[in-house]
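Participant: Here is what each chain is made of, one letter per residue.
There are 2 protein chains.
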Amino acid sequence: MLRTHYIGELRQPLGGSVRITGWVERVKEVGRLRFIWIRDKTGMAQVTVSKENKALFEKTADLRLHDFILVTGKLAEKPIAKVGVEIIPTEVKVLSKAETPLPIDVTGHIKSILSTRLDWRPIDLRNPKNAAILKIQATLVEGMQEYLNSNGFLQVFTPCIIGAGSEGGAELFEIDYFGQKAYLRQDPQLHRQLLMVAGLDKIYDLGPNWRAEPSHTPRHLCEYRACAVELSYIEDERDVMKVEEELVVAGIKKVVEKCEDELRLLEKEVEVPKTPFPVLTFPEIYDILEDMGKKIPYGEDLDREAEKLLAKYVKEKYDHDFFFIDRFPYRVKPFYVMKIDGTEWARSIDLIYKGLELSSGGQREHRYERLVQQIKEKGL
Amino acid sequence: MLRTHYIGELRQPLGGSVRITGWVERVKEVGRLRFIWIRDKTGMAQVTVSKENKALFEKTADLRLHDFILVTGKLAEKPIAKVGVEIIPTEVKVLSKAETPLPIDVTGHIKSILSTRLDWRPIDLRNPKNAAILKIQATLVEGMQEYLNSNGFLQVFTPCIIGAGSEGGAELFEIDYFGQKAYLRQDPQLHRQLLMVAGLDKIYDLGPNWRAEPSHTPRHLCEYRACAVELSYIEDERDVMKVEEELVVAGIKKVVEKCEDELRLLEKEVEVPKTPFPVLTFPEIYDILEDMGKKIPYGEDLDREAEKLLAKYVKEKYDHDFFFIDRFPYRVKPFYVMKIDGTEWARSIDLIYKGLELSSGGQREHRYERLVQQIKEKGL
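If you're matching them up, the sequences are chains U and E in order.
Be aware that the first sequence starts at 1, since it is given in my numbering, and climbs by one per residue.
Be aware that the second sequence starts at 1, since it is given in my numbering, and climbs by one per residue.
Simulated from the structure, these hints should not be mistaken for laboratory data.
Since this is a predicted model, take the numbers as computed values, not measurements.
Glycine included, each C-beta is placed from N, C-alpha and C at the ideal position.
Errors might be hidden in some of the hints.
Said to hold, decoys possible - Under 10 Å between C-beta atoms, here's a sample of chain U residues computed to sit facing chain E:
1. D124
2. W210
3. K333
4. D341
5. T343
As the list claims (entries may be wrong) - Reference listing, derived: stretches of chain U covered by chain E, where coverage requires no fewer than 3 residues with Cβ under 8 Å from a Cβ of chain E:
6. 15–27
7. 220–233
8. 372–378
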């Protein structure tokens, strides 16, 4: 590698020469000194060039914002740099020149509108706050995968191109599959279930899903990744809730452990949630909502406002950001969910975080006769 | 959970009652005893029902192959079962009845043709040999991800729907994207590179890719997963080779550690490969091939047969199943690869395993002026 160290690894005492790489974040001249701030993904260092080093001082005269450079030098013995790390260079090499001026201000001091930022997404991601989000995302996934892998869940990779929609609605992206119509999956549900039939018992698929919904809201995404988990031989939906809870905790725990700097940068405080998560069940949910001034007819589904109200209720009563909704009305759910005998409720759950649905799940009906009966009842 | 243990976890002394779940693999009566073999993904147990337990003997009389059952009982104190684990049941409950006869023989004694097996894939996967392949695949990925995560590579999730092809050729699946033409990616190459521009420095994307190639050969797949790695600030292509080598070793090491049973079942011996992997370079490769009786014109690309011959050469000379091919002819490579100054060779590599290409990689040209020049030279 061209570098010997990431900037974040530079600490005194580090004898001998070091080489770092990154982009120029700022250049400033004070008296006989030129200060070059250089950043890589781990941090920022100051490179101090003295006029006495005539060749290098001339060579670095036309350094511009976000030129990519390679700096060879020694750590200053008595650093005076505010950024903490100071390097006295013996060589500065430009690996790639930047356009001047840059299309957006990556420091974020001068705000750009979202569409401009997206046009220049790779430059926008050099802002450490934006890169931090990707780091946190990856760490969350890492924690979840570690939990799943070490608890007997097999990672599988199921097909993305399917012959028919797996959910109601027409929100499917259509593909020309060698002259035949095919679709991008909305969810790997069917393949997950087939792997249960195969006896694989506990699996997960961490893959993309698509919804052709022409909507611009925080609840709509054309392409998104989901951690789709399936497990067999459950007693009832509470076994699923336990896995979801442990999965969420494992992910957040990893973020709290590994992303301290990123969370500080984003000014976000994240705590590992207490377990067990609170559970609200139907039909009591109708009463809770009515007490809060929201009347939803008995047997009807919740709307967005109701989810938010319930989140408020849980926050006040249990001081918790997560909660489960359990035993949804069977009539608003698909035919394959398990109905609780002699009632109108289903073993169907949602996990809500700060008022937003994180997942839907529950126990599936596995008895063939019941499935056939439920398909008929739903008029399918 | 319905079960207290996986069958693989059953070991004497386990006092008290245990509950296991799985499918019936065999039923056999000998004298006053009925032996029910039950299998889950971890192993097989024998459930021994005595005629003296009249109720249970009657209840288990119509058990059929691959009924899913729940067995409650105790481990036999002096097991006589060949399969090792023997259970004296107090209760047997059928969770789901199987069709009789089964559409394929899952033991594999009676072979089914591939298309029939694929029609009944979930049943086919109950054959432990077939399930073992999925376990090995997941373990390989786990080992690779552990290596990447613990070596500073960030897992990213880049878009699958793109506006134009990323490689030559017309092998693209077309999508109707809200009335516009879009495509499934062949490779997340462009997005990976943009993340390098973002300074993220070391990333990987473990996602699906598609090729609309209407071919049936072991080298063609319409949908496949790739571990797409990108890293910045490399000295040259040898830094990439080092990462590939470590990645392959980490994956295989994990398989050797965790999949002993599966490898034994498949009668495969896998060893962690020695490092460094042998490297063959152009133009010497032409001489090696010529010595083996295969003449490829100077400056031309290798064909499938040449790859196989080189694999044979490496196996004989270095006793190694893996090797790199380095410094491909620049003229057969795309414009964005780095040409070695003053030569006709590129910093372009392939990793070959047992004669089959596992990956293509190398150093990309990052200098703007060179890129423009190379685009012109290639007539693009």
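Participant: Hint by hint, note whether the structure agrees.
Facilitator: Here is how each hint holds up against the structure:
1. D124: For D124 (chain U), the interface hint holds, since the closest Cβ of chain E sits about 8 Å away, which is under 10 Å.
2. W210: Result: holds, 8 Å to nearest chain E Cβ.
3. K333: Hint violated; K333 (chain U) Cβ to chain E Cβ min 21 Å, cut 10 Å.
4. D341: violated, 16 Å
5. T343: Given a least distance of 21 Å, the restraint on T343 (chain U) is violated.
6. 15–27: holds (count 3)
7. 220–233: Holds, because 5 residues of the region 220–233 of chain U bring their Cβ atoms closer than 8 Å to Cβ atoms of chain E.
8. 372–378: violated (count 0)
Comparing the model with each earlier hint shows violations of hints 3, 4, 5 and 8; every other hint is respected.
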